[in-house]
Amino acid sequence: MEKTFGEILERVRSKRPLVHHITNIVVANDNANCMLAVGALPVMAYAREEVEEMVAQAQALVINLGTLTGEVVESAILAARKANEVGIPVILDPVGAGATSFRTQSALQVLETAKVSVLRGNRAEIASLLGMRALVRGVESGEVEESPCAIVEKASLRFGTVVAITGEVDWVSDGKRVIRVFNGHPLLTKVTGTGCMATSLCGAFCGVEKDFLMATAAALSFLGVCAEKAAPFSLGPASFRNHLFDMMYKVDGDTFARMARFEVESL
Amino acid sequence: MEKTFGEILERVRSKRPLVHHITNIVVANDNANCMLAVGALPVMAYAREEVEEMVAQAQALVINLGTLTGEVVESAILAARKANEVGIPVILDPVGAGATSFRTQSALQVLETAKVSVLRGNRAEIASLLGMRALVRGVESGEVEESPCAIVEKASLRFGTVVAITGEVDWVSDGKRVIRVFNGHPLLTKVTGTGCMATSLCGAFCGVEKDFLMATAAALSFLGVCAEKAAPFSLGPASFRNHLFDMMYKVDGDTFARMARFEVESL
Amino acid sequence: MEKTFGEILERVRSKRPLVHHITNIVVANDNANCMLAVGALPVMAYAREEVEEMVAQAQALVINLGTLTGEVVESAILAARKANEVGIPVILDPVGAGATSFRTQSALQVLETAKVSVLRGNRAEIASLLGMRALVRGVESGEVEESPCAIVEKASLRFGTVVAITGEVDWVSDGKRVIRVFNGHPLLTKVTGTGCMATSLCGAFCGVEKDFLMATAAALSFLGVCAEKAAPFSLGPASFRNHLFDMMYKVDGDTFARMARFEVESL
Chain A
43 MEKTFGEILE RVRSKRPLVH HITNIVVAND NANCMLAVGA LPVMAYAREE
93 VEEMVAQAQA LVINLGTLTG EVVESAILAA RKANEVGIPV ILDPVGAGAT
143 SFRTQSALQV LETAKVSVLR GNRAEIASLL GMRALVRGVE SGEVEESPCA
193 IVEKASLRFG TVVAITGEVD WVSDGKRVIR VFNGHPLLTK VTGTGCMATS
243 LCGAFCGVEK DFLMATAAAL SFLGVCAEKA APFSLGPASF RNHLFDMMYK
293 VDGDTFARMA RFEVESL
Chain B
43 MEKTFGEILE RVRSKRPLVH HITNIVVAND NANCMLAVGA LPVMAYAREE
93 VEEMVAQAQA LVINLGTLTG EVVESAILAA RKANEVGIPV ILDPVGAGAT
143 SFRTQSALQV LETAKVSVLR GNRAEIASLL GMRALVRGVE SGEVEESPCA
193 IVEKASLRFG TVVAITGEVD WVSDGKRVIR VFNGHPLLTK VTGTGCMATS
243 LCGAFCGVEK DFLMATAAAL SFLGVCAEKA APFSLGPASF RNHLFDMMYK
293 VDGDTFARMA RFEVESL
Chain C
43 MEKTFGEILE RVRSKRPLVH HITNIVVAND NANCMLAVGA LPVMAYAREE
93 VEEMVAQAQA LVINLGTLTG EVVESAILAA RKANEVGIPV ILDPVGAGAT
143 SFRTQSALQV LETAKVSVLR GNRAEIASLL GMRALVRGVE SGEVEESPCA
193 IVEKASLRFG TVVAITGEVD WVSDGKRVIR VFNGHPLLTK VTGTGCMATS
243 LCGAFCGVEK DFLMATAAAL SFLGVCAEKA APFSLGPASF RNHLFDMMYK
293 VDGDTFARMA RFEVESL
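So the sequence lines, in the order shown, correspond to chains A, B and C.
For this note's numbering, add 42 to where a residue sits in the first sequence, where the first one is 1.
For this note's numbering, add 42 to where a residue sits in the second sequence, where the first one is 1.
For this note's numbering, add 42 to where a residue sits in the third sequence, where the first one is 1.
None of these hints come from the bench; they were simulated from the model.
None of the values given here were measured: they were computed from a predicted structure.
Among these hints, one or two may not hold up.
For identical chains, the list gives no copy identity; a pair is met inside one copy or between any two copies.
Stated by the list, open to error - Simulated crosslink set (BS3-like; lysine-lysine; CA at most 27 Å straight-line):
no., residue 1, residue 2
1, 232, 57
2, 271, 232
3, 271, 292
Turn these sequences into a full structure, and let the hints guide you.
Have a look at this one:
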């Protein structure tokens, strides 16, 4: 299995999937650099005049609602439907779902009007989409009653998609199996957009691997492994971020396979 | 007094104020990372559909007009009024006021339709809002006839708010007292958005300290102290920026109190 | 000639041209930091209410269509016409031309409704504007039938502007002469927005030198020289990017003149 993770990474590097992003103004630059570092090709385009034409050339579509507007949501839905038509995966990051009803409703609207392949968020965001009570502070997860395991299982059944909750441990499920990913480092919470980078990586990995459950787990594990390798060289969050990007560029399939830590279980 | 500065910083770290930003596309990422580094929580949201709901959860609202549009100004005013209603501080950064009448008028519109707690800009920006003659080159201050001291005093009386002018020396006034802050480093002028970071820090500090004059002076002093500590390790503006963020994460209350340099006077 | 390159750089540092950017959400921060590092002054403004007033104060206008919308294109055209009126150079970066017809048509619209001084893109982007067949993957150039030399020559004649194609070798032409610039490093392709930085540098250099062919070649050579100096210190793309910015700040006219590698030929 670890070997599979390494193989997916190598496939990203050799196939260079084009990942179309409809993303936010905070992390657009980080998302793009993350894609180039891992070996994928980013393209950012959100005008309604062009999203369908652009997505038709891509191997994956990443929708990130971090600084959404009505226009962005409209373009996201156009792009997601086109992605469904041409048969490429749609990755949705419902940033701040639960914080405002506009965010919750917009994410649900995407989930209802298009087929989403992977839904990635923090525990409170995914719980909010299920209508569960969850404390959200801006875009940060607070207290949530239900366990991550229960949430990913329910959400994957409800939305018919792979669901990933990232946190100290990452939980990924397709409703039948659940994978826990143990890689990561606390400094990831001190840099903005690391959740968004995780979502972008899911796009790159799902762009070359049709088993979206494994591809998603591999993407999250990869970010965690890079964080583990970056942390010892870091004096603080900015130097950590730099080393994190450098590691995304340098960590090869073998190193990744050796360091990946996860467990797969049937539900 | 220096001890107070250190205490405000420690309070930011323990209370983790949520700082709602309506900010520009140039510095959105820096603003967010600045907040995480100092220990606050950033959230960026500017859609009119959600700004009021988001600001109601926050401890401070930062409005930065760096790449304003009509829609952004509209959202900023909605958010500022809601912030007034729920009783949290509003920090306004009138980026480029004086450079175009759209910028000057938009900043004045915010000041007239909502209660602003802190107005932070460079000398030419604040002078322009008072209708004084000031040379502005884009977003950089040029020659201004009146002294910073006269400008902060007049502006604080005119707009009924704490006013801060940042530059080689920072001037902060509430119309009764004036604080000069001496911390800083010339490399701050070689990195984009350090003024915007100063404004964000004012948001975080005012989010935990109701004496906005002291909170603002502390925020500016903190940025200056971090710059002083970052500069010796820096080879140029990019490495300086990285060390600056790392220092925002590392400088503790005691170090800050020891290094803060400022003078308080009555007007 | 090399001496001229160094002199143009020194003029940027002493005159500090104000470069008005209408740019994209991915690279806005990098564009601004690039300008400050080399010694120019950036200003980002794209609201239709203010672009004409802002451009009237600038020494150059940079239009970058990386994340264009209908509104951005409208503002870009207003700004470009005003730039023509006040006699400052307009630099156009048709990011992703050829990838979608919206991008191709928007770039052509700018070229047709205003006088553009410098058009900079990759081989596929410029070929697409000429209606040639070109493979584009998002914003990355793929296979193109015609040679870079033929493309820059044709494009400069068709559009009546200096045209630059950047790649392993950069080609710059005004229809009479062609300059090949050999400076650069492969890591430039692993960081997002280095093409956009090249365009910004063209703005700064053309803001102080009326021979736009030489100014453009000098700007591209400067980026390449900085990349060559940055690469040996870099562990990966993020550390490379930091060193690249630091070098833009540190490389002086003499070093630049000594390291610049290029050839001028008549067509």
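*Of the numbered hints stated previously, which ones are contradicted by the structure, given in increasing order?*
none
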